[in-house]
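Please build the complete structure, drawing on both the sequences and the hints.
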Amino acid sequence: MFYREAGDFKTSYRQDSQTFPIRFDRWRFYAVLALAFGVIPFVINDYWANSVFVPFLIYAIAAIGLNILTGYAGQVSLGTGGFMAVGAYACYKLMTSFPEVSILIHVLLAGGVTAAVGVLFGLPSLRIKGFYLAVATLAAQFFLVWLFNKVPWFYNFSASGQITAPDRTVLGYFVTGAQTSATAKYLVCLVFLVLVALIARNLTRGTVGRKWMAIRDMDIAAEIIGVNPLTTKLTAFAVSSFFIGIAGALFFAVYLGAAEVGEAFGIQKSFLILFMVIIGGLGSIFGSFAGAAFLVLLPVLLKNLLVGTLGWPTDLAAHIELMIVGGLIVVFLIAEPHGLAQLWRLAKEKLRLWPFPH
Amino acid sequence: MNAMTEGYVTPDGRQIGPVLMEMKNITLRFGGVVAIKDISFDIREGEIRAIIGPNGAGKSSMLNVISGFYVPSEGEVWFRGQKRGPMKPYEVARLGIARTFQNIALFDGMSVLDNIMTGRLTMMKSGLLSQALWFGSAEREENENRAKVEKIIDFLEIQNIRKTPVGRLPYGLKKRVELARALAAEPKILLLDEPMAGMNVEEKEDMCRFILDVNDEFGTTIALIEHDMGVVMDLSDRVVVMDYGKKIGDGTPDEVRNNPDVINAYLGVAHE
Amino acid sequence: MPEQLLYAMEVTLNGLMAGVMYSLVALGFVLIFKASGIFNYAQGVLALFAALTLVGLQNGQIPFAHLINAALGTNLHSFGWKLPVLVAIALTALVMVGLAILIEKLVLKHLVNQAPIILFMATIGLAYFLEGLGDVMWGADIKKLDVGLPQGISETVESVTDSIFGYGFFIDNLDIVATVVAVLLVASLTIFSQYSKQGRALRAVADDHQAALSVGISLRFIWVLVWSIAGFVALVAGIMWGTKSGVQFSLSLIALKALPVLMLGGFTSIPGAIVGGLIIGVGEKLFEFSVGPMIGGATENWFAYMLALIFLVFRPQGLFGEKIIERV
Numbered sequence: 001m002f003y004r005e006a007g008d009f010k011t012s013y014r015q016d017s018q019t020f021p022i023r024f025d026r027w028r029f030y031a032v033l034a035l036a037f038g039v040i041p042f043v044i045n046d047y048w049a050n051s052v053f054v055p056f057l058i059y060a061i062a063a064i065g066l067n068i069l070t071g072y073a074g075q076v077s078l079g080t081g082g083f084m085a086v087g088a089y090a091c092y093k094l095m096t097s098f099p100e101v102s103i104l105i106h107v108l109l110a111g112g113v114t115a116a117v118g119v120l121f122g123l124p125s126l127r128i129k130g131f132y133l134a135v136a137t138l139a140a141q142f143f144l145v146w147l148f149n150k151v152p153w154f155y156n157f158s159a160s161g162q163i164t165a166p167d168r169t170v171l172g173y174f175v176t177g178a179q180t181s182a183t184a185k186y187l188v189c190l191v192f193l194v195l196v197a198l199i200a201r202n203l204t205r206g207t208v209g210r211k212w213m214a215i216r217d218m219d220i221a222a223e224i225i226g227v228n229p230l231t232t233k234l235t236a237f238a239v240s241s242f243f244i245g246i247a248g249a250l251f252f253a254v255y256l257g258a259a260e261v262g263e264a265f266g267i268q269k270s271f272l273i274l275f276m277v278i279i280g281g282l283g284s285i286f287g288s289f290a291g292a293a294f295l296v297l298l299p300v301l302l303k304n305l306l307v308g309t310l311g312w313p314t315d316l317a318a319h320i321e322l323m324i325v326g327g328l329i330v331v332f333l334i335a336e337p338h339g340l341a342q343l344w345r346l347a348k349e350k351l352r353l354w355p356f357p358h
Numbered sequence: 001m002n003a004m005t006e007g008y009v010t011p012d013g014r015q016i017g018p019v020l021m022e023m024k025n026i027t028l029r030f031g032g033v034v035a036i037k038d039i040s041f042d043i044r045e046g047e048i049r050a051i052i053g054p055n056g057a058g059k060s061s062m063l064n065v066i067s068g069f070y071v072p073s074e075g076e077v078w079f080r081g082q083k084r085g086p087m088k089p090y091e092v093a094r095l096g097i098a099r100t101f102q103n104i105a106l107f108d109g110m111s112v113l114d115n116i117m118t119g120r121l122t123m124m125k126s127g128l129l130s131q132a133l134w135f136g137s138a139e140r141e142e143n144e145n146r147a148k149v150e151k152i153i154d155f156l157e158i159q160n161i162r163k164t165p166v167g168r169l170p171y172g173l174k175k176r177v178e179l180a181r182a183l184a185a186e187p188k189i190l191l192l193d194e195p196m197a198g199m200n201v202e203e204k205e206d207m208c209r210f211i212l213d214v215n216d217e218f219g220t221t222i223a224l225i226e227h228d229m230g231v232v233m234d235l236s237d238r239v240v241v242m243d244y245g246k247k248i249g250d251g252t253p254d255e256v257r258n259n260p261d262v263i264n265a266y267l268g269v270a271h272e
Numbered sequence: 001m002p003e004q005l006l007y008a009m010e011v012t013l014n015g016l017m018a019g020v021m022y023s024l025v026a027l028g029f030v031l032i033f034k035a036s037g038i039f040n041y042a043q044g045v046l047a048l049f050a051a052l053t054l055v056g057l058q059n060g061q062i063p064f065a066h067l068i069n070a071a072l073g074t075n076l077h078s079f080g081w082k083l084p085v086l087v088a089i090a091l092t093a094l095v096m097v098g099l100a101i102l103i104e105k106l107v108l109k110h111l112v113n114q115a116p117i118i119l120f121m122a123t124i125g126l127a128y129f130l131e132g133l134g135d136v137m138w139g140a141d142i143k144k145l146d147v148g149l150p151q152g153i154s155e156t157v158e159s160v161t162d163s164i165f166g167y168g169f170f171i172d173n174l175d176i177v178a179t180v181v182a183v184l185l186v187a188s189l190t191i192f193s194q195y196s197k198q199g200r201a202l203r204a205v206a207d208d209h210q211a212a213l214s215v216g217i218s219l220r221f222i223w224v225l226v227w228s229i230a231g232f233v234a235l236v237a238g239i240m241w242g243t244k245s246g247v248q249f250s251l252s253l254i255a256l257k258a259l260p261v262l263m264l265g266g267f268t269s270i271p272g273a274i275v276g277g278l279i280i281g282v283g284e285k286l287f288e289f290s291v292g293p294m295i296g297g298a299t300e301n302w303f304a305y306m307l308a309l310i311f312l313v314f315r316p317q318g319l320f321g322e323k324i325i326e327r328v
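Chains as they are written, first to last, in UniProt numbering: chain A, 1 to 358; chain B, 1 to 272; chain C, 1 to 328.
No wet-lab data here; the hints were simulated from the structure.
Hints are not guaranteed to be accurate.
What the hints assert, rightly or not - Counterexamples of contact, computed for chain A against chain B with all Cβ distances above 10 Å:
#1 Y13
#2 L35
#3 S160
#4 T207
#5 L256
#6 N304
#7 A318
#8 W344
#9 L346
Said to hold, decoys possible - Here are the computed lysine-lysine pairs in the DSBU-like style, where the Cα-Cα straight-line distance is at most 30 Å:
#10 A/K129 to C/K82
#11 B/K148 to A/K10
#12 C/K144 to C/K82
#13 B/K24 to B/K174
#14 B/K163 to A/K348
#15 C/K82 to C/K34
#16 B/K174 to A/K129
#17 A/K10 to B/K246
#18 B/K163 to B/K204
#19 A/K350 to B/K174
Cβ atoms here follow ideal geometry from the backbone N, Cα and C, with glycine treated the same way.
Now the structure itself:
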């Protein structure tokens, strides 16, 4: 009943191009923010933080990153895991080399390093398109994982070959290391996610976003109306990798605490993020949230149901999860290529007219 | 040489300016196939210039040479008194050459408004950081350009579909949106690739009116290729006729209509 | 002859043999891509699935035993018989045909006219599904596959090369068999596509979908046919790889290795798949042999991709692909 456009007049272009043009959406957005910052931090415990909230927040950052590249700019990448690894290892090297600098700065710098690496691997995108490019990004995936595995400098010559995050604080609270509270982990990731989402939203509604989408929808026409394909694609690679690098740094430093590159950032991670983007919705920031939430919650639910309630073996549950995820990907691509975000949009459109059918 | 710099006056009293673009002895080959053979003509400021010819005459190739998408094998393209060297397509766009396409080339995933806004991309210069924070020049620039785009939306009477995804529009409206996108670039010269192809009579009339209005209101120079002889003769100030890659006629619609070569080559085989 | 050169020759030979194995997987990709324009990421998982099914049938495993046991509390494992190798292979081939029909009915039919990249992502989903299905059906433990192929170092090759160079080459018998099988497979595919009615239809579709449809070729039949053939090729590849390194998850990763092979060879060329496979096989072995020790080894993990990537930047259509002309 409250969900109406009518009477909500826009008197400037500025109002018209805002993120939530409908008043009800705007209020709901503030409510979610209030809940996320004002309520959850006080009730969260370790189980919820580690199995649901923190992975969700970090994967959402990575999914927004990949969505910029794949959903907005149309360049499919299977190298997300490798780029997350760059973020993680850059963060680790920075943390151990400059312990006096704030971890927040390190995470941002790690994003910057990843952006540079992303641009490097994005260079071939001018010559190679579609799934040729997708396969080419596998080169990044495998090479980067190999690099961090084989060159001891990256893991500070540690005997195990692992990287371990040293204890760091923000405003006196631990945010990495064993003493970190669930609330601190959650809040750090939340702040980065909100930041990333706002930047992504701003970029995609403006000039850069239009260039990306133009290249995605029809690259030749885009070039003829004046879009430089090289710089546009490289900007997409840079921005996307920047976000993915931040996600990788947080995944290692805040979430895992210690990581081995092949395990934490292997090809499976690339697919996981890609699936989040497909299921959530290509070319939708909200979809990145929805996809990340869906694929974080699904295994938790399945595990609770199959292992916890029915008492089935864990590996069987894992295999059934593979089937469900794979099947869902196919179903979504067939029925709704724009993912959960589109379903949500359709629901809203229905709601906007409710109770009148047309 | 006088006419070169000063132009002429059309029968209906419009003043046509000096030469804006000149094609000098253009030849275009694909491997062994010669698509265009030694063609020269000019386009003057403010006029509507048509290129016509039967199927396979090389019209589209010619348009692609003008738009810079194809680089001619021989010959020169002069634009605004300067020889145009080989350029990337996006550099040509920055010179002020905009076009529409025979098989509509809109960005299907974007709204009508966003599609038209892409026409102004070459004029939007704000940096990535400013855009990321939506602060300062990015927002100002967005609103200024939006205002210009809204004028074009009003002009082409597509206000009601502003926010509709382009993929959902019917054919005729898509053509109009494409015209809007090209206009948004405020081009020095506007190239239309069969703007009337596949339209019904009513849509054709609308499109004719818009083309004439654009020329009239903004003084935009227009070069178009078109199949529909009737339309071309009504619209254009001067017509180039091509057949098998060669130029067989050039002049006002009346001159061309009475040119025996044109009658033989074009009208003789026309079956409409 | 200097020893280094002999080593290099041996490495090259081994690389050629490994390349044949890559080509086997790549063949399946090319077949599907030519006939339907689909880049079938699931090809490697098809090989895994085929190998799993073969082992399962051979050993008389009860399908879904794991799931049934968990759901009903029973304790089923096997039917208690062992099928002869040829029967098991024939049954597996049938299963692969059935799978092809299901894939066409449930997936492909609904994705006609979608962008290639969407189809590609759909096959990634399919790969996940099949991988899960294979594990649920037959269990995820590493299985030994033995269909009676000779294995181990070939003594003939060793003694012959020893008498010529004074240095015996180590070549695996299985690799030699794989080479022979690959040659036979390519030959029979060529004969099939050149001389049989279905083969002609297949080539017609590969040439021009619309034209093929208009002369009355059923696209859906062709798709089932080509996925069945790809399933059969996957079965052959699965047997070879399964015998070599056991039937396990990593088998599906060989599909990933086939991707750079295709990028080199071009997606539409069967000779390209073979040559590309050989180049990658030899290239990665020689690189590991010469440069590997200096930079930490295990370069096989990425060499193929980097090679293909660099190659593609200079020749985007691959070795044998047709030149792409852009139009407006």
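Check your understanding: Checking against the hints above, which ones are violated?
Key -> 1, 4, 10, 13, 15, 17
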